[in-house]
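These protein sequence lines map, in sequence, to chains A and B.
If you read the first sequence in the working numbering, its first letter stands for residue 1, the second for the next number, and so on.
If you read the second sequence in the working numbering, its first letter stands for residue 1, the second for the next number, and so on.
It is possible that some hints are incorrect.
Subject to a maximum C-alpha distance of 30 Å in a straight line, what follows is the list of computed BS3-like cross-link-like pairs (lysine-lysine) [stated by the list, open to error]: (1) Lys71(A) with Lys31(B); (2) Lys135(A) with Lys63(B); (3) Lys71(A) with Lys63(B).
Chain A is faced by these chain B residues, among others (derived, beta-carbon under 8 Å) [claimed, not checked]: (4) Lys76; (5) Ala79; (6) Val134.
Everything labelled a hint here was simulated from the structure, so no lab data went into it.
Even glycine gets a Cβ: it sits at the ideal position worked out from N, Cα and C.
Number of protein chains: 2
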Amino acid sequence: MKLNLMLSFAFLTTCYAVFGQEKQKVATGEKGITKVSVMYPYAEGKTFDIEYYESKHMPMVAKFLGSNLIKYTIEKGIASGIPNQPLPFMAIGTFYVNSLSDYQAAIAPNRDAIRADFSNYTNISPIILVSEVVK
Amino acid sequence: MKLNLMLSFAFLTTCYAVFGQEKQKVATGEKGITKVSVMYPYAEGKTFDIEYYESKHMPMVAKFLGSNLIKYTIEKGIASGIPNQPLPFMAIGTFYVNSLSDYQAAIAPNRDAIRADFSNYTNISPIILVSEVVK
Numbered sequence: 001m002k003l004n005l006m007l008s009f010a011f012l013t014t015c016y017a018v019f020g021q022e023k024q025k026v027a028t029g030e031k032g033i034t035k036v037s038v039m040y041p042y043a044e045g046k047t048f049d050i051e052y053y054e055s056k057h058m059p060m061v062a063k064f065l066g067s068n069l070i071k072y073t074i075e076k077g078i079a080s081g082i083p084n085q086p087l088p089f090m091a092i093g094t095f096y097v098n099s100l101s102d103y104q105a106a107i108a109p110n111r112d113a114i115r116a117d118f119s120n121y122t123n124i125s126p127i128i129l130v131s132e133v134v135k
Numbered sequence: 001m002k003l004n005l006m007l008s009f010a011f012l013t014t015c016y017a018v019f020g021q022e023k024q025k026v027a028t029g030e031k032g033i034t035k036v037s038v039m040y041p042y043a044e045g046k047t048f049d050i051e052y053y054e055s056k057h058m059p060m061v062a063k064f065l066g067s068n069l070i071k072y073t074i075e076k077g078i079a080s081g082i083p084n085q086p087l088p089f090m091a092i093g094t095f096y097v098n099s100l101s102d103y104q105a106a107i108a109p110n111r112d113a114i115r116a117d118f119s120n121y122t123n124i125s126p127i128i129l130v131s132e133v134v135k
């Protein structure tokens, strides 16, 4: 009897722990969140090492952002969605943050380190879009 | 004893049900999923009615995509992340789909209806990026 009560409690605790964790993750798609998208335009002669970007560059920047960072995503450009048009972007890295000013304050003292790492994975000058999640 | 066993089972079932549901939602950020991003570049004289886009245009396209559509997002461009640079995009609408060929097959017969709706919310010709979620 006591064991079963303990088991029940253990299940319930696990349940809430799992639920709580997942809920935090799905909050990233919610209205009002700020996105900072670093977009690498494609052009002839441009290169992009997505393995280095994923394993070294993005984790470094993510570390600078601390708890302001909700999550970050990486996407690899495949094609233009319009026939006979060139690929618009080779890759996009996106930071979902709670506060844009905290993002800027965290990046400012680390800008040189971030820029110095660019040549390790690309020869592209990125475009950066700050946007707000509407839906 | 029997009641506690039943309670344990009930908790476990609830736990898995909740976990399963949340997992499906967060799957949208998972590796390998295809994104189709419709990007509206900013330029002087360009306009974009995001309310119409959110309430009419995107739901119409989403309906054409059916069960292939995992989710769609809308973001509103705020600024360039690089000082003294113009806003790169006024808005981006993104479809997360299971299959690119199913997406193309669903859009093809509805292309005219989609294009005819453009003038109701914008005078911008979009760029379309097909990409793969890496992380």
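Here's how the hints hold up against the structure:
no.	hint	result
1	Lys71(A) with Lys31(B)	holds (14 Å)
2	Lys135(A) with Lys63(B)	holds (16 Å)
3	Lys71(A) with Lys63(B)	holds (29 Å)
4	Lys76	holds (5 Å)
5	Ala79	holds (5 Å)
6	Val134	holds (4 Å)
The structure shown violates none of the earlier numbered hints.
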